[in-house]
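S.K.: Each chain, written out:
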Amino acid sequence: MTEPPHLLYCHCAHARVVPPEVKTEVLRQLCASGASFEAVADLCALAARQDPLLRRLAAGGPLKIAACYPRAVRWLFAAGQAALSEARTEVLNMRVQPAPAVVAAMLDPRLHPNLAAMDNPKPGRDSHGTGPAPMTS
Amino acid sequence: MSVAGQLTPRVVLYEGAGTAPWAAAARFELLERLLARGYSVSRATGPGGVPLAQGHGEWVMGQCEQDAPPGCRDVRGWDAARVVGMIDAEHAARAGAAPEDWTPWFPVIDEARCTNCMQCLGFCLFGVFGLDAQHRIRVESPENCKTQCPACSRVCPEAAIIFPQYPRSPINGDDVEASHAAREAIKVDISALLGGDVYRVLRERSARGKTRFSAEQDADKALEERRKCLAQMAAAADIPPEVLMSLPSPAEIRRRAEEARARAEAARKGGD
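Residue numbers (this note's numbering), protein chains in the order written: chain A, 1 to 137; chain B, 138 to 409.
Check the hints yourself; a few may be wrong.
[Unchecked claim] If you anchor each label on the Cβ, the simulated ranges turn out as follows:
| no. | chain 1 | residue 1 | chain 2 | residue 2 | range |
| --- | --- | --- | --- | --- | --- |
| 1 | A | Q97 | B | E314 | 12 to 20 Å |
| 2 | A | E3 | B | P206 | 29 to 37 Å |
| 3 | B | R398 | A | E21 | 44 to 52 Å |
To be clear, the hints were calculated from the coordinates, so they are not data collected in a lab. Where is the CB? At the ideal position from N, CA and C, for every residue including glycine.
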């Protein structure tokens, strides 16, 4: 049986870049659903703090994230010492997608991974942000 | 004090076996209040989910009935304000501070694009960047970053620095596309700072004005001249004027890079 994805919602509490009506409606619909989910006040803050929750989420199987741009989310997790899997992560962008589309995608049991493949890191550094996440907690 | 390693307190709303679920509206109000206070929140409707961090900085609560899991605090009949007030008070007693007291504005490195050229390390005035033990650029002190300043992303020649809360593409994390090239052309001008071109321009402007200013005995006018020049650049690149007014010299940039390399080398040797 396919493992159901974990759900993560970012409230983007410190910036006004996510339309308030979108994030509020997404949270409201997640609350109204029967789904278990994780909600964080601000993904940026967790990344800066290298919060172990990020590592547990990244290492915990398929993951759907309602936040902002997939490229930003991917490298925020990397900054938090938690590498997201390209094959097991779908990011919904509340900055540009309407709430119904985000909610529908979050509650769809199927996963549609959408992180860009990173086959050829630029010279000067390796791809240490894409390997398996260390489990420290 | 570094923010790295500071745990974000987490609240688990347990609605599995042995508890009664919250009404949807009550659940939403509680989550919204907790998130506004900076807490992470897990809604758990059963086994599985993300494991707890072994009790560190976490609260597990539910509307407990018979056979509720051990450790689940019963908040039956409590409204959202009472729950949040209780958690705030306990958190303050444990940590001595509110959960969120820092605006998380800092650069995020797109490692797929970064070439480790270190221009950001040399350019940043606030010591945000450093090197890891492999001499790769990393964000060492995110809390040092100046809120709303995207200057390092403006000097990055690879569009490899993201500020997720920035309003425009591609600095906000949107994909870097050819259509961004024109908008990002400002990089060429700002990057010239690192080659000293703008310093040359400033020196020339200063030299031109020196005779006049010395004759007038008015140093404030010289400063004003520099301010005007830099203000034009600040407006074009969203860089706070005070940042541009404090630009490091090329010699200072080289010194910082050497210092960062020395720190990285010391860290590497310490880890051997």
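S.K.: Give a verdict on every hint.
M.R.: Hint check results:
Judged by the Cβ atoms, the range 12 to 20 Å given for A/Q97 and B/E314 holds: they are separated by roughly 18 Å. A hinted range of 29 to 37 Å is violated for the C-beta pair A/E3 and B/P206, which are about 23 Å apart. For B/R398 and A/E21, the Cβ-Cβ distance of about 48 Å falls inside the hinted range of 44 to 52 Å, so the restraint holds.
Checked against the numbered hints listed earlier, the structure breaks hint 2 alone; every other hint is satisfied.
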